Amino acid sequence: MRRDPLHSRLITALLAPVLLLTLAGCEDTPPEGSGAGFAGLGDSAEGYAQARPGTTLRFPEDHGAHPDYRIEWWYLTANLEDDTGEPMGLQWTLFRQALSPPNETPSNETPPTDPQAPGAWEADQLWMAHMAVSRGEQHAVAERFARSHSADPTRDRTGQAGAVAQPFRAWLDDWTLATRVEDPNADTFERLTLTAFDGEGESRIGYRLELTAEGPLVLHGDAGFSQKSADGQGSIYVSQPFWRVEGEVMLAGESHRVSGQGWLDREWSSQLLGPEQAGWDWFSLHLDDGHRLMAFQLRGGGEAGGDYRSGTWITPAGDPRALAPEALTLTPLASATVAGREVPTRWRLEVPSAALDLIVEAPYAQRWMDTSVPYWEGEVIARDRESDERLGTGYLEMTGY
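Numbering (mature numbering (1 follows the signal peptide of the UniProt record, and there is no 0)), first residue to last: -24 to -1, 1 to 377.
If you are wondering where the hints come from, they were derived from the structure by calculation, not from laboratory data.
Some clues are possibly wrong.
Claimed, not checked - Pairwise CB distance ranges (calculated):
(1) E37 <-> G316: 24 to 34 Å
(2) G266 <-> L33: 19 to 29 Å
(3) S363 <-> G61: 21 to 31 Å
(4) T31 <-> P292: 19 to 29 Å
Treat the numbers as computed from the prediction; the structure is a model and nothing was measured.
Each residue gets a CB set at the ideal place from its N, CA and C atoms; glycine is no exception.
Whole structure, please, built from the sequences with the hints as guidance.
Encoded structure:
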């Protein structure tokens, strides 16, 4: 259902303070000793389902929402070129945050008389969506909020926000990632359309893109369980790193025909981080020889108080090999001042088992996401450290700076 701009601004004004409190996002970094982790993602998750090794994943069902878990996202990044050959980058993310464990009414809500028909302002799920478009020094960002009730089947496809598995659709207002597969018996996640626009006139940004999977889904970690700390916290983590992307991108009111590669992450968890982890550095790389690499480090939460690292080396055929914490090294080499913070934008990334020794650098440092929970997200170029040969492109996300 399309929402008018006034309605969207009203929803944002009403929900932003609630979401900020829920995510503990009132501070960029938690106070020392707070034990909440970055953005509250280390908070205790009693009453929610827990991400654990041995979880059986089922598709297409797991493309949809998991309201028994506290947090979840559908996260797309893409490295594109416009019709003049100029690089462009984009991000679109839909976040879901549960307000209370299943079958527990939030403290500020009145239990509905009929649990199958909650009132219009009763909600147990908050939604947030981010959009970003980049080209050269240009970097534009937009954000929206919504709310829903997981016990309301009548709003399954008509509410302001949601995610359903078959046929696949994930949306907030008119920002929509949806299938373009007509056969209801087929996997409707394999070919998607992403539509999202914001602003008017010279400030208008957005995209309408077609995504076509040219490889399989990839399960990270232990058959989909991605450990995030030495104490065992983690998430269910699945990626589609083989998107071919084509369509139209709008930036500063100008339209560009684009094509390139995309990477979509799906994660759900109830306690993603350990309580002392202050943020993360996450890389997704499309290498020119067809391999893909996902690598991250979470600052804190490792052995003896060090950082916790993990990753996945993916063959051109889509076969994943999990990388243990000792199998990769991430070393910041240079920083830039971004939004008044020192943010590392040049890294050395080593994976000895894949004979990789890379310099990964952001060609444009000013990619700050000035959203309710702020972070850095932008395009990177990967080069061989010894020869300086360009080996691929990708995206880098950094939180907690």
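Quiz prompt | T31 versus P292 beta-carbon gap, inside 19 to 29 Å or not | solution = 27 Å, holds
Practice problem: Given the hint of 24 to 34 Å, check if E37 and G316 actually sit that far apart at their C-beta atoms. | Solution: Roughly 44 Å apart at Cβ, these two residues miss the hinted range, so it is violated.
Quiz item: Taking the beta carbons of G266 and L33, is their distance inside 19 to 29 Å?
Solution: Once the Cβ atoms are compared, 25 Å apart, the range 19 to 29 Å for L33 and G266 holds.
Practice problem: Indicate whether the distance between the beta carbons of S363 and G61 respects the range 21 to 31 Å. | Solution: 24 Å, holds
Violated hint for the displayed structure: number 1, the only one.
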